[in-house]
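**Q** Each chain is listed here by its residues.
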Amino acid sequence: MYAYDELDRTLINERVSEFRDQVKRRLSGELTEDEFKILRLQNGVYLQLHAYMFRVAIPYGTLSSKQLRRFAHVARRYDRGYGHFTTRQNIQFNWIKLAELPDALADLAEVGIHAMQTSGNNMRNVTSDQWAGVAPGEIEDPRIWSELIRQHTTLHPEFSFLPRKFKIAITASEHDRAAIKIHDIGLRLHKNADGETGFEVLVGGGLGRTPFIAKTIKPFVHGRDVLSYIEAILRVYNQYGRRDNIYKARIKILVHELGIEKFAKEVDEEWKQMGDSELRLDHAAIEEVRSRFSYPPYEKLPHMPDELKQAAHDPLFERWRKNSVAPHKVQGYSIVTLSLKPVGGPPGDATAEQMDALADLADKYSFGEIRVGHEQNLALPHVAKRDLPALFKALDRLGLATPNVNLVTDIIACPGLDYCSLANARSIPIAQELTRRFANHDTADLIGRLHINISGCINACGHHHVGHIGILGVEKNGEEFYQITIGGRADENAQMGTLIGPAVPYAEVADVIEDIVEAYLALRDRPEELFVDTVKRLGVEPFRERVYATR
Amino acid sequence: MPLVKQGRLTTDLFVHVAEGAELPGDGAVLVTAERFLADPEALLRRSGKLGVIWPNNRNVDDLVPYLDRLASIALVFPTFRDGRAYSQARLLRERHGYDGELRATGQILRDQFVFMTRAGFDAFEVKKDADAAAFAETMKRYSVFYQPTGDGRVTALNRRMQLRHSESASQ
Numbered sequence: 001m002y003a004y005d006e007l008d009r010t011l012i013n014e015r016v017s018e019f020r021d022q023v024k025r026r027l028s029g030e031l032t033e034d035e036f037k038i039l040r041l042q043n044g045v046y047l048q049l050h051a052y053m054f055r056v057a058i059p060y061g062t063l064s065s066k067q068l069r070r071f072a073h074v075a076r077r078y079d080r081g082y083g084h085f086t087t088r089q090n091i092q093f094n095w096i097k098l099a100e101l102p103d104a105l106a107d108l109a110e111v112g113i114h115a116m117q118t119s120g121n122n123m124r125n126v127t128s129d130q131w132a133g134v135a136p137g138e139i140e141d142p143r144i145w146s147e148l149i150r151q152h153t154t155l156h157p158e159f160s161f162l163p164r165k166f167k168i169a170i171t172a173s174e175h176d177r178a179a180i181k182i183h184d185i186g187l188r189l190h191k192n193a194d195g196e197t198g199f200e201v202l203v204g205g206g207l208g209r210t211p212f213i214a215k216t217i218k219p220f221v222h223g224r225d226v227l228s229y230i231e232a233i234l235r236v237y238n239q240y241g242r243r244d245n246i247y248k249a250r251i252k253i254l255v256h257e258l259g260i261e262k263f264a265k266e267v268d269e270e271w272k273q274m275g276d277s278e279l280r281l282d283h284a285a286i287e288e289v290r291s292r293f294s295y296p297p298y299e300k301l302p303h304m305p306d307e308l309k310q311a312a313h314d315p316l317f318e319r320w321r322k323n324s325v326a327p328h329k330v331q332g333y334s335i336v337t338l339s340l341k342p343v344g345g346p347p348g349d350a351t352a353e354q355m356d357a358l359a360d361l362a363d364k365y366s367f368g369e370i371r372v373g374h375e376q377n378l379a380l381p382h383v384a385k386r387d388l389p390a391l392f393k394a395l396d397r398l399g400l401a402t403p404n405v406n407l408v409t410d411i412i413a414c415p416g417l418d419y420c421s422l423a424n425a426r427s428i429p430i431a432q433e434l435t436r437r438f439a440n441h442d443t444a445d446l447i448g449r450l451h452i453n454i455s456g457c458i459n460a461c462g463h464h465h466v467g468h469i470g471i472l473g474v475e476k477n478g479e480e481f482y483q484i485t486i487g488g489r490a491d492e493n494a495q496m497g498t499l500i501g502p503a504v505p506y507a508e509v510a511d512v513i514e515d516i517v518e519a520y521l522a523l524r525d526r527p528e529e530l531f532v533d534t535v536k537r538l539g540v541e542p543f544r545e546r547v548y549a550t551r
Numbered sequence: 001m002p003l004v005k006q007g008r009l010t011t012d013l014f015v016h017v018a019e020g021a022e023l024p025g026d027g028a029v030l031v032t033a034e035r036f037l038a039d040p041e042a043l044l045r046r047s048g049k050l051g052v053i054w055p056n057n058r059n060v061d062d063l064v065p066y067l068d069r070l071a072s073i074a075l076v077f078p079t080f081r082d083g084r085a086y087s088q089a090r091l092l093r094e095r096h097g098y099d100g101e102l103r104a105t106g107q108i109l110r111d112q113f114v115f116m117t118r119a120g121f122d123a124f125e126v127k128k129d130a131d132a133a134a135f136a137e138t139m140k141r142y143s144v145f146y147q148p149t150g151d152g153r154v155t156a157l158n159r160r161m162q163l164r165h166s167e168s169a170s171q
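Here the protein sequences come in this chain order: X and R.
Under my numbering, the residues of the first sequence are numbered 1 to 551, in order.
Under my numbering, the residues of the second sequence are numbered 1 to 171, in order.
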């Protein structure tokens, strides 16, 4: 965990006071809605279909039990008793009253939580691998760097009014769980030949109506230079990014229009001129931030404790363990993913009761720490293996032990037309219906890893382009239709899915997905061949035939 | 339009001269970039202070040869959403060492004051009287800053390191 010091606390309290003043001026009419809009967006407040939506940052997906309890409190006190975890390590509350927002923010600030820059045309929450610091084989904990970048990009005087929003993600593992290739800047931590820590820097990724996979702009930027290099990219973008058309304003369009070589040259020239600025991080500065991350006092525990051997006779436990429990870098410990995708539930939602109870379980079994991943699930990052059977029972009682992590019902979905004023179609009911169709865990196990991502409009908050199966809601003559793509992925081999055929009406989506899955089961050359690999091997055509032959 | 300069409401001595309008014989003037670049030397020889209104889509490098002779540079925020002039300001101050007046013009509202000051602005043509009156108070909003800029404020990281240093020295 990163521990806030007095300075961090002062800053977020100052931000709360500033926002309180802004809300006051809006309510008194001193600020017009047009002026206030930008100010509230800079603090995570959107106006949705029914109410204000409030988005709160969970930097690099790390939460303490105390912070999670405070989310439960906000959900109960200011909202309708639940919160929604997003694809970018944020939590959203959907029913907040404007006049109460400053109080909700002040309550969160007490536990070091803020909503700075969770929306608006500025640098958004810096995201990272939800297994950071505990994943076996990780090069080093990417959160040290995430925190350095978080601080540097918070209330940045030069870059708070960019052409468009700007998202940074960092990974330090071979398998990319942070989806860095669909970010404005993706950072892959690695070591050079001299053993020094640095980053492969990727730029210009993003989804939305013009999706791009990020391109490598520099294979190695030394860790000490990472802030100045990011600053150089942002300065080029701030000056030359398009501001005439909101749909062409992201950095991906600038990179695309200039070409990556020309863009890289502009950035390099700017970077050279910045020279040895104050942005260079010396060893002491990096260690200063590193020193404020604490790690649990792990015990020396056996690889295979008796508790685990005994529980192996319980098939329900075993199914959950095989699905949701991953290896930890420390012997005797595990990382446990908690599915927020129960059958029939809206993906990513958690009730205040679940959050409170989970905070207690985190205290008991995970050194008080919880993680949030971009797949809209939570994790307990330090669970002793001997505690797994007891934890399973407790999670099961809370409805947090659905054994569907990474399976067909582990669906990413945006809020869609049920909440969002931008949406053309509903997302959540589609996800709910699909979880019912594939509710049988044996079937889901047989299908294996398969990511379905659903967006209710072209803005792609549900990351449909990079779902193994992507579902995009569109509007046709006043009715909800859905375009379906297959073969996308968001990991280190990220790519966009391919459209399978004409859009289908709302009522047929679940049938079509079932057809696609059945086609896969018939077409895969062995059970271990994942859906996405079958699509890669055979292309879209055989799937298209199956789906549209009878339609 | 109220002008805030060096933290105080001030009478604006500069006259904005529109493109094509006749130039007054003396007195301080702010002229457009086009007029300035057409014959900079003639304008700089004129008696009376000279300032340039520099659009936010023009490279400030073009101003560099004249910086020590300009009394003011006015950078433009067509709307407060458009943040290009923040980069221009930092480049003028921090890279090119400009130390004359750096003025913010356009849609200048209270909630930009801290950012603008940190980027190097020291004069503000503020849209609303109430915002101009609240300048000093607004500047007190923040006492902690994460990024180094040319404004000389000590960053949080440096304060922590100093603290650490003094703690270890006193032990």
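Keep in mind that the hints were calculated from the coordinates and are not lab data.
Mixed in with the good hints, there may be bad ones.
Among the chain X residues that face chain R by a calculated CB cut under 10 Å, a handful are [unchecked claim]:
no. : residue
1   : Glu-30
2   : His-152
3   : His-156
4   : Phe-161
5   : Met-274
6   : Asp-276
7   : Leu-281
8   : Arg-292
9   : Ser-294
10  : Lys-329
11  : Asp-396
12  : Gly-399
The beta carbon of each residue, even a glycine, is placed where N, CA and C say it ideally should be.
**Q** It remains to establish, for every hint, whether it holds in the given structure.
**A** Status of each hint after checking the structure:
Taking 10 Å as the C-beta cut-off, the interface hint given for X:Glu-30 holds, the closest approach to chain R being about 7 Å. The beta carbon of X:His-152 comes within 6 Å of a beta carbon in chain R, closer than 10 Å, and the hint placing it at the interface holds. The closest approach between the C-beta of X:His-156 and any C-beta of chain R is roughly 6 Å, which is under the 10 Å cut-off, so the hint is satisfied. A hinted interface residue such as X:Phe-161 counts as satisfied when its beta carbon comes closer than 10 Å to some beta carbon of chain R; here the least separation is about 3 Å, so the hint holds.
With its C-beta approaching chain R no nearer than about 8 Å, X:Met-274 sits inside the 10 Å limit, and its interface hint holds. Among the interface hints, the one on X:Asp-276 is violated; its C-beta lies about 12 Å from the nearest C-beta in chain R, farther than the 10 Å criterion. With a cut of 10 Å, the hint placing X:Leu-281 at the interface with chain R holds, because the nearest CB-to-CB distance is about 9 Å. A cut of 10 Å between beta carbons decides the hint on X:Arg-292: the least distance to chain R is about 9 Å, and the hint holds.
Residue-level restraint check for X:Ser-294 is violated (minimum Cβ-Cβ distance to chain R is 16 Å; threshold 10 Å). Among the interface hints, the one on X:Lys-329 is violated; its C-beta lies about 29 Å from the nearest C-beta in chain R, farther than the 10 Å criterion. A cut of 10 Å between beta carbons decides the hint on X:Asp-396: the least distance to chain R is about 43 Å, and the hint is violated. Here the hint on X:Gly-399 is broken, as its CB sits about 40 Å from the closest CB of chain R, past 10 Å.
Figure legend: structure checked against the earlier numbered hints; hints not met, in rising order: 6, 9, 10, 11 and 12.
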